[in-house]
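S.K.: Keeping their order, the protein sequence lines are chains V and G.
To convert, note that position 10 of the first sequence is 10 in full-length UniProt numbering; the numbers rise steadily by one, no gaps.
To convert, note that position 111 of the second sequence is 111 in full-length UniProt numbering; the numbers rise steadily by one, no gaps.
Some hints here could point you the wrong way.
To be verified - Between beta-carbon pairs, the in silico distance windows are:
#1 V:A110 - G:E352: 54 to 64 Å
#2 G:L117 - V:E351: 33 to 43 Å
#3 G:N438 - V:E183: 41 to 51 Å
#4 G:E183 - V:K477: 57 to 67 Å
#5 V:D131 - G:E372: 46 to 56 Å
#6 V:K134 - G:A449: 16 to 26 Å
#7 V:K134 - G:Y93: 35 to 45 Å
#8 V:D371 - G:S255: 31 to 41 Å
#9 G:G278 - V:D17: 33 to 43 Å
#10 G:F301 - V:G323: 51 to 61 Å
#11 V:D131 - G:N438: 52 to 62 Å
#12 G:S48 - V:D17: 52 to 62 Å
#13 G:Q359 - V:G278: 30 to 40 Å
#14 G:G278 - V:R325: 54 to 64 Å
Because the hints were derived from the structure by calculation, they are not lab data.
Quick reminder that beta carbons are idealized off the backbone N, C-alpha and C, glycines included.
So you can see what is in the structure, the chains are spelled out below.
2 protein chains.
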Amino acid sequence: MMKQPNWLLHRAYLTPDRVALIYQDKKWTFRELAFEVDELSNRLARTSLKKGETVALLMNNHPQMVMLVHACFLLGLKIVLLNNKLTKVERLYQLEDAKTAALLTEPVYANDHDGDLPVYTIETLPEADQDHKKKIEKDFDLNETATIMYTSGTTGRPKGVEQTFGNHFHSAVSSALNVGLREDDRWLIALPLFHISGLSALFKSVIYGMTVVLHQKFDVDEVKASIEQHRVTMISVVQTMLSCLLSRLEECPSSLRCLLLGGGPAPYAMLQESKEKGFPVFQSYGMTETCSQIVTLAPEFSVEKLGSAGKPLFGCELKIQDGQRTCRPFEHGEIMVKGANVMKGYLHREEETAAAFDQGWLKTGDIGYVDEEGFLFVLDRRSDLIISGGENIYPAEIEAVLLTHPYVKEAGVTGMYDDRWGEVPAAFLVTDHKIPENELYALCQSHLAKYKWPAVFQFVDELPRNASNKLQRHRLKSKGFLR
Amino acid sequence: MMKQPNWLLHRAYLTPDRVALIYQDKKWTFRELAFEVDELSNRLARTSLKKGETVALLMNNHPQMVMLVHACFLLGLKIVLLNNKLTKVERLYQLEDAKTAALLTEPVYANDHDGDLPVYTIETLPEADQDHKKKIEKDFDLNETATIMYTSGTTGRPKGVEQTFGNHFHSAVSSALNVGLREDDRWLIALPLFHISGLSALFKSVIYGMTVVLHQKFDVDEVKASIEQHRVTMISVVQTMLSCLLSRLEECPSSLRCLLLGGGPAPYAMLQESKEKGFPVFQSYGMTETCSQIVTLAPEFSVEKLGSAGKPLFGCELKIQDGQRTCRPFEHGEIMVKGANVMKGYLHREEETAAAFDQGWLKTGDIGYVDEEGFLFVLDRRSDLIISGGENIYPAEIEAVLLTHPYVKEAGVTGMYDDRWGEVPAAFLVTDHKIPENELYALCQSHLAKYKWPAVFQFVDELPRNASNKLQRHRLKSKGFLR
């Protein structure tokens with residue numbers, strides 16, 4: 001049993017005067033944060049909640065959410081992070097599935113909740129009682145579940161991913177071994193804290209002794225001002241955020257040394273513009289099950305290795321598998337990953353957990369290949385596979401080609417019913433300017449085997465994406481995008 | 001069972017073109033290093049050595065030593081690092097005690113060896129045979145012993161400290177979390193690789209993807225030139241090396257961002273001079289059993305917290321214990337440490353291993369206290385305790401006071417027989433200028449209780465130190481230093 005001292009308490013002892021958190025015009029040092037978290041945990045301890053139980057957290061990005069996360073850990077409570085875009089029905093499913101003992105939330109959601117579960121907000125938590133001695137968990141057991149997040153559910157019913165303290169620790173460490181660590185690092189988070197891309201920054205904060213600059217949501221002007229005012233060095237972004245930043249800024253703010261890009265490969269034009277404007281974009285590949293990025297592409301390769309997600313973080317491994325066989329370079333197969341940041345399993349789902357692993361390797365369900373140097377190229381989600389006349393077609397491969405066109409901002413490809421071939425690809429494009437169809441055909445013809453050429457090109461205002469900004473190709477079909 | 005891919009192979013895959021090693025006018029990228037190590041392991045594999053066996057390595061700092069370390073790991077061999085200052089008798093004791101299967105060395109030592117053990121040098125290893133398939137250990141089991149080092153033996157007979165891959169990994173990670181990690185980091189090692197202070201840099205190199213600039217030994221002019229030529233950012237030093245660098249340089253070379261100082265607290269004048277000249281000195285406390293530093297003082301505290309070793313690295317803990325009781329701030333007691341970098345145990349010594357730990361805490365045998373902020377002050381090795389008229393006296397406490405005198409360069413205190421009190425302290429000083437005794441008395445009188453005042457002050461050219469630069473107070477007594 002591997003233990004570590006409680007990260008927040010440890011950090012408050014090691015570097016009490018460093019700034020832990022900035023939100024709007026407020027700042028907290030680690031000492032101040034630990035003090036407020038201690039008070040909050042005193043109040044939480046007066047509820048019925050007991051060590052080992054699971055609580056759900058449903059909040060918008062806010063310092064109170066940061067404090068509640070740490071307060072729960074101090075009391076040995078596991079946390080289910082709830083997406084605030086869920087419908088009430090979806091939320092109830094997760095609360096029941098995780099067997100949560102209470103819901104911690106804010107007034108706007110508390111009033112919307114009508115289940116049996118105890119609901120607390122900062123306002124309704126009992127007052128602290130000095131006589132009521134709370135039992136503090138001074139150590140983290142690295143094998144224990146810290147947080148639970150339900151996967152986006154583009155395939156099947158959402159499952160709770162159990163992320164341990166060890167997973168989070170190794171994710172933070174591997175990231176630092178990859179992008180480095182400086183005393184003046186400040187990480188801006190405008191992504192939701194209920195997603196791993198946001199939440200992981202809180203753990204980096206206490207493990208590195210680093211300031212997190214928290215935003216309630218992404219507003220390009222506010223983020224720009226915040227980067228400049230606080231000399232932000234790192235920021236987690238998805239494509240749409242990067243696109244906004246590029247439109248808004250003629251050059252990269254001087255303090256910024258890493259933009260960690262999640263949620264799929266960026267289009268060529270965007271990467272080219274990033275390069276020209278000096279934005280150090282690190283493309284990455286990861287999922288809730290790997291506690292954020294597990295494969296990352298350094299900026300020096302972003303154009304040379306266009307479309308690649310990069311190489312694994314230190315201590316992490318990947319391979320491409322076809323059945324029981326490991327694929328050679330350029331052969332397509334399922335992406336398998338391994339590492340200390342890979343989840344323990346799916347909550348209360350022994351069978352699905354067992355099925356998710358093969359001899360210690362997580363089967364991501366994604367299709368890809370590695371080139372001769374070991375760079376990963378993600379082709380597709382297995383469930384998006386288009387089968388056409390017996391040939392396998394991976395939409396992402398076609399999208400990657402379309403994205404090389406300088407006017408194409410976003411591309412989504414899905415299968416369309418066809419009398420002759422069963423299915424044929426159909427392409428949906430978000431563009432700056434109208435592009436003649438023959439140009440697009442010419443582009444595909446020069447890069448793709450004939451059976452991969454899209455049967456139609458359709459110009460749309462936006463593509464369907466889920467809360468994690470992941471393209472939902474199945475919705476291209478179902479939502480009437482096709483004529 | 002926690003595994004990681006073989007660090008060198010992994011690193012050669014992740015960042016093949018980064019420079020791994022610089023020695024004199026030669027450079028190796030990680031790809032080149034891995035290639036040479038592969039060749040070397042092919043040759044090693046043709047000897048009688050088998051996975052799981054222990055080999056002894058007796059070499060001077062040299063790229064071949066670096067390669068042999070990695071080659072042994074590739075074949076699953078544990079390594080005993082032998083101090084090249086040992087007498088033949090001392091060496092034989094360690095070879096037998098560790099049950100080594102062979103000695104890997106260089107000609108100068110090979111000829112000096114006349115035991116039964118197979119002895120190999122790079123020159124006498126069998127040639128590689130392409131038909132002879134070697135079995136490569138692709139993974140490191142973090143719980144397995146990687147290296148064994150015999151403790152300096154200032155108390156009792158030397159014991160072999162078992163350092164696991166996990167110990168080395170966490171030591172490297174904790175160090176990075178403390179001093180940061182930059183892409184341009186280059187670590188200069190002029191300390192012996194058979195000591196943990198030197199060897200640990202090799203593991204940092206492959207874990208960080210960082211260049212090590214290796215020197216055969218410390219020569220102040222060569223080290224100065226090397227720092228400037230290779231833009232060295234980090235260097236591990238002991239007091240005498242720091243002192244040489246300060247004499248030689250009017251200001252800190254611009255590239256240098258950390259001088260990691262081991263081997264006891266530095267004198268006030270040296271720290272003051274370091275500060276004036278802009279040398280960022282990180283004082284540290286550690287031992288072979290903790291796989292290098294476990295407590296470190298950042299430069300911003302080096303004068304304010306004079307004499308302190310600092311605070312633990314992230315994930316590491318310390319406490320002061322008196323019997324079964326944890327001491328309060330400023331109370332003296334035994335220093336206890338815990339962390340993932342703390343050794344597995346003493347080789348083939350179950351009883352001594354059990355005795356070295358108390359409920360997971362390593363009993364360092366050193367005496368110290370923490371102040372109200374948790375900074376550690378190391379007072380003394382328990383074995384150096386002076387008992388005078390029933391009062392405990394810790395030599396280091398007196399030395400720390402003497403070191404505040406601007407002319408005192410080094411100070412050593414030991415117990416001297418006394419008819420009345422049993423023992424009284426005697427002080428030995430290395431100074432720049434002769435200091436009148438009454439000045440020294442005045443200094444002690446204003447800082448120390450009467451029973452701690454030294455009975456004599458003796459001016460000497462140097463103090464007895466062991467190969468790790470640790471002051472050997474018992475030799476002050478035995479080596480005729482006293483009149």
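S.K.: Which of the listed hints are broken here?
M.R.: When the structure is compared with the hints, numbers 2, 4, 5, 6, 7, 9, 13 turn out to be violated.
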